[in-house]
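K.L.:
Protein chains in written order, with the working numbering: chain B, -7 to 251; chain A, 832 to 1112.
Don't read these hints as lab results, they were simulated from the structure.
Don't take every hint at face value.
If you only want the chain B side, here are some residues facing chain A, beta carbon under 7 Å, derived [what the hints assert, rightly or not]:
1) Leu44
2) Thr46
3) Phe70
4) Cys139
Using N, Cα and C, we set each Cβ at its ideal position, and we do this for glycine too.
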Amino acid sequence: MSLLTLSSVGMRYGAFTALDDISLDVAAGEFVCLVGASGSGKSTLLSLIAGLTTPTSGAIALAGTPVSGPGPDRGLVFQSGAVYPFRTVAQNVGFGLELLKLSKAERRERVDWYLAETGLTALRGKLPKELSGGQRQRVAIARALACEPDVLLLDEPFGALDVQTKEDMQVFIRRIWQDTGTTVLMVTHDVEEAVFLGGRVVVLASDPGRVAADLLVDLPADRELTVKRTPAFLALRARVEDRVRAFHHSSEGLFAAQS
Amino acid sequence: MSTVTAPARPALSKLPRRGPGRPVRLWAPRAPIPRRSRAALMICSVLVPLAAWVAVAASGVVPQEFLPSVPAVLSAGWEMAQSGQLWTDTLASVQRILIGFGLAIVVSVPLGLVMGGFQAGQALFEPIVGLLRYLPASAFIPLLTIWLGIGEPSKWMLLFIGTVFFNTLMTADAVRQVPRSLIDVSYTLGARRGEVLRKVVVPHALPGMIDAVRVNAAAAWNFVVVAELINSTEGLGYRIARSQRFLASDRIFAVLIVIAVLGLAIDILLRVLRDRIGRWV
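Working from the sequences, and respecting the hints, build out all of it.
P.N.:
Structure (structure tokens):
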């Protein structure tokens, strides 16, 4: 039984087709990575699932209910993090809970747990401007998780981080996924990241964005960073990269035409 | 992958090289300067004009009625303070600002929020507000006198007209600075429209709004003096107009100093408030 269902979803802006006939099923508890070159509409797809935009054709359903707008059942994390700069770390994490009728004690208990889970307890009173990029992304993730979403939507969450921080965050998000049992749908252009994190990698082709491949990642559930050096990992990574490249040629045509 | 051949490089002579310019200490654009130089320049900024005033007045080149000496201004000020005149005048002017400019804030903040926060609000109000702000408030004085008489209400209205449009546009600008992603992410956390405005847009725009008030408070000071110059029986502007009739430029100078000090005090107060509320910036 799939949790998230996309049936022939399309998105058109005037004459431009951003997404064409996307069908996708995500089961509860899965970690699915969407990879694609720029222009494949992967961020648009996430914003459609989040309900921030409405598709021009097709339908999206979460647990059988059609998506009609944004809501805390689909937590979203942007590349920029979009943490509230005027709120402390703890206040950021508690934002969604403030909107619910919870007792102060219960809210605090929940916030405390998510702060501990994301390693932010010591930073709870800090303002976002005092945090590093990686810490800010952890705040954004904790804030989304605190609402106990059915699916966590990550839009290139580590795209702006340096390589070392990025790898720490990759290990971090896999641990969070295993601890909370949440479903994760993550968009990235980094193939290595997609293969390392995902249980499944979906490749999007560009112009218009459409599903080009849907590959199962056959790697052990407990992955350490060293798995990135194993032949199995490298082979899979190469396969995905080839798929992404194959659909990236369209933009090279322009360049070749000049010669 | 297709191969791309670039055109052959034309035969060109060697490009001339520019060396670095002469090193500069103080006047390099946007460059930091030593603390001591900064302090010295800041002191000069006040002391040089002051010294020029003292020197010119003492030399006797300019008659007392044109440029009173520093001691004359101080004693005129002291005299006005002693008689309580300065106090009642200041109180009258400050009260007019509190009412007139206060009213402008009460109207412009919600209006700016609607204009900056909603495209519909912008389409509805920006054309008219953008037009009205170009009408000089002083040009309304005769009309305001016809409408409201020569009493207090016409002075409040002048202050109101002079500040409300700019404060609205600057508030709207502060609201437009709120990143779209913050608003989007709030919806995904379950916030409704009103909650997004109250819990995200307003707190984010608040430091900018205070800055707008700070800038427009200076304009409010201007207009209160203008209003009182025209017709009034008390107030700092009135005191200036009255002193003119007796060629008492020492008193005018004293009042100007009071205006400057009060204006500066308001500015510093609002700046402190902005820095406290906008600690997160």
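K.L.:
Against this structure, judge whether each hint is valid.
P.N.:
Each hint tested on the structure:
1. Leu44: Hint on Leu44/B: holds, closest Cβ of chain A at ~5 Å, below 7 Å.
2. Thr46: Thr46/B check fails; min Cβ-Cβ to chain A is 13 Å, beyond 7 Å.
3. Phe70: 5 Å, holds
4. Cys139: Result: holds, 6 Å to nearest chain A Cβ.
Violated hint: 2 only; the structure is consistent with all others.
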